[in-house]
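Peer 1: Chains as they are written, first to last, in my numbering: chain A, 1 to 557; chain B, 1 to 163.
Treat the hints with care, since some could be wrong.
Derived pair list, reagent style DSSO-like, types lysine-lysine, alpha-carbon separation capped at 27 Å [said to hold, decoys possible]:
1. A:Lys-30 / A:Lys-249
2. B:Lys-51 / B:Lys-139
3. A:Lys-257 / A:Lys-165
4. B:Lys-6 / A:Lys-249
5. B:Lys-51 / A:Lys-30
6. A:Lys-291 / A:Lys-281
7. A:Lys-165 / B:Lys-6
8. A:Lys-479 / A:Lys-504
9. A:Lys-247 / A:Lys-332
10. B:Lys-6 / B:Lys-51
11. A:Lys-30 / B:Lys-139
12. A:Lys-247 / B:Lys-51
13. A:Lys-247 / A:Lys-478
14. B:Lys-81 / A:Lys-30
Covered, in the sense of this in silico footprint (three residues per stretch, anywhere, with C-beta under 8 Å from a C-beta of chain B), are these stretches of chain A [as the list claims (entries may be wrong)]:
15. 17-27
16. 147-154
17. 234-241
18. 273-282
19. 534-540
Computed from the model, here is a short list of chain B residues facing chain A with C-beta under 8 Å [said to hold, decoys possible]:
20. Ser-13
21. Asp-84
22. Phe-144
23. Gln-149
Simulated from the structure, these hints should not be mistaken for laboratory data.
Note that the structure is a prediction, hence the values are computed from the model and not measured.
Just so you know, even glycine gets a beta-carbon here, dropped at the ideal spot from N, CA and C.
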Amino acid sequence: MYVYDEYDQQLLNERVAQFSGQVARYLDGKIPEEDFLPLRLQNGIYVQRYAPMLRVAVPYGALNATQMRALARVAREYDKGYAHFSTRQNVQFNWPALEECPQILADLADVQMHAVQTSGNCIRNTTTDEYAGVIAEEITDPRPYCEIIRQWSTFHPEFAFLPRKFKIAVNAVPGADRAAIQIHDIGVNIVRNEAGELGYRILVGGGLGRTPVIGTEIRAFLPEEDLLTYLDAVIRVYNQFGRRDNKYKARIKILTKALGIDRMRELVEAEWERIRDGEGKLTRAELDRVKKHFSEPAYKDLQDEPAELTSARSENPAFARWLQRNVRAHKKSGYAVVTLTLKQKGTPPGDITAEQMDQVADLAEQYSLGELRSTHQQNLVLPDVEQAQLFALWQAAKANGLATPTLGLLTDMICCPGGDFCALANAKSIPVAEAIQVRFDDLDYLHDLGEIDLNISGCMNACGHHHVGNIGVLGVDKKGEEFYQISLGGSSAGNNTDEAALGKILGPSFARERMADVIQTILDFYVDKRIAGESFLEAYRRLGHAAFKEAVYGPAD
Amino acid sequence: MARLIKQQQVVGSDDWQIIEDDAAVVDYAVISLTRWQAERSALAAHAEAGKLGLFLNSDETADLIGDDASAFALIAIDFPKFTDGRGYTAARLLRERHGYQGELRAMGDVLIDQLFAMQRCGFDSFSLRDDQDTEEALKAFSTFTRCYQTDVREPRPLFRRRA
Ligand code: SF4
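Please construct the entire structure, taking both the sequences and the accompanying hints into account.
Peer 2: Put into structure tokens, the structure is as follows:
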């Protein structure tokens, strides 16, 4: 993984000093509230219902054991002993005191972590595939490109105050979309052209929120060294012409729609022509320098399916189930990629205690060369586990509540913090997740249902990605009461397809107490009507929206 | 009370004044883009004497003045709110694309915590909002030692300078 050099470290240390100064001036009454707000946002500090929330960046989801322990310490010393992994692969603390944030950030800077641009109308944390670097399907490891984007976007002089927040995601697996790039302001798909050269297919204008849009191709092939100048060109056009009069119309997706993709492309290309060969153009040396940080670790020469694994699997059905769900193939024989799920019954999705964080750090050191990843489905990944050690790892993870064998299944929900924490919420989302976890806790049933994405957001901001859930749940406010609207058929693409889809609203919303029943009705209908091997999404597409609607609301008159 | 900083020195105020479109053009008048476009030739003498300034609203992009920029001794870019970031792009383009070498002034909601980025985009004079502390402001110019990106002051991005 990327290791800071003196330049990176100096920049970060200076950022900590700058922010400490800003907090001190604010607390002294020298910065008015409304001026301080964008400053603290640019450092990931929100003021929520009950306390400030600090969002710490996990750049493209890459973490090491030392960093995880540092996060655990923050949770223990400055918070209530737990933290929350978000759908942007970041980690959030819900209860720190503003006065203590500078110290927290100083502690985190010691382990090369920060909260830079985790909020505010600027370029946010770039996200990518949590399996980057360890799966055979990818064209190349996307992480060096993410790190290059991270550095380019960090304190970009021109783009600190864009019309609205700006998110970039990178996918490197052909025929798949492993980073939901189609719902990002810019989606970068790493591809090879006909000559076999590396480069990118660029999408623009995707996003969820009030107006969900799937991104459109703005460039079919961009050569590898042109990444940063092209990003500069797109965002420069956006910074000049994006709307600033209405925050719901300020994202680049609205500008792209208003101009039309062809006009947008013309503007971007014209801008890019003028800067593409300037000093900002990436160099081969820089690409090589950053790629070196992600070179393969010294893997052992191992065989797939060692005897220890085979026997443990046949002797232990629970282990076998976990293997089947939470463990996937590694590009190196004898290794495996393991997901530690943060979806235990009784805990909000993505939440993790300080003790568990320490345990995860230990597991990473013991079993996975000290590295781990956070995922946009709010889980953690150990990328480099020897197959012979899977059984030992499973036992340790299980003892710590990190081995719920439900990856990709119904209860592996994505859920935003909602009304329990978030000041913007229309409704709580965690209790809905909880009700679903409680109702559907039979593992045989869950495995029989197969893969289903259920995503919950507490309001239209869609932090829980409800539009792209196969089942999406959205909190709505009806005359001061919390209700929930269900949509079906969304998909953020993923492993086997690169076609994202937006869900369609099913009908009138429901009270919270009814949610588990309604979900049950939808699932019963699917189980009843499915044909062998058909996933929920496939059955939905075959049977049609109206059939599901009728199952839930009865026949239309 | 204007708090003007030029070339990282507090100067308090100077002779430049923004004038209305129907006011007579005096020395050190700062005029609107509309007026320049309408009265260009009549204003040439003032411009040549180095005593004409231009005021750009935040929704006026740099290419609207383009290479005419060098006619002015001062260009003032307005920040109606400090969260309106269009002026950063305008400044960079004036410097990097249109060859503007004169004084480039940030006006309006100009606050301490934005000075560093403004300076990187080519601003060299700052008309601070009235409540801003000039001592603190001067410190802000040295917030970061080295930055990652290319900018007006340091055209080579860090990746071309790393040892
Ligand atoms: S979706 Fe709404 S309620 Fe949920 S975290 Fe985002 S802003 Fe808050």
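Peer 1: Hint by hint, say whether it matches the structure.
Peer 2: Each hint tested on the structure:
no., hint, result
1, A:Lys-30 / A:Lys-249, "33 Å, violated"
2, B:Lys-51 / B:Lys-139, "31 Å, violated"
3, A:Lys-257 / A:Lys-165, "17 Å, holds"
4, B:Lys-6 / A:Lys-249, "37 Å, violated"
5, B:Lys-51 / A:Lys-30, "37 Å, violated"
6, A:Lys-291 / A:Lys-281, "17 Å, holds"
7, A:Lys-165 / B:Lys-6, "32 Å, violated"
8, A:Lys-479 / A:Lys-504, "24 Å, holds"
9, A:Lys-247 / A:Lys-332, "47 Å, violated"
10, B:Lys-6 / B:Lys-51, "17 Å, holds"
11, A:Lys-30 / B:Lys-139, "15 Å, holds"
12, A:Lys-247 / B:Lys-51, "40 Å, violated"
13, A:Lys-247 / A:Lys-478, "23 Å, holds"
14, B:Lys-81 / A:Lys-30, "18 Å, holds"
15, 17-27, "holds (count 3)"
16, 147-154, "holds (count 3)"
17, 234-241, "holds (count 3)"
18, 273-282, "holds (count 5)"
19, 534-540, "violated (count 0)"
20, Ser-13, "23 Å, violated"
21, Asp-84, "6 Å, holds"
22, Phe-144, "5 Å, holds"
23, Gln-149, "6 Å, holds"
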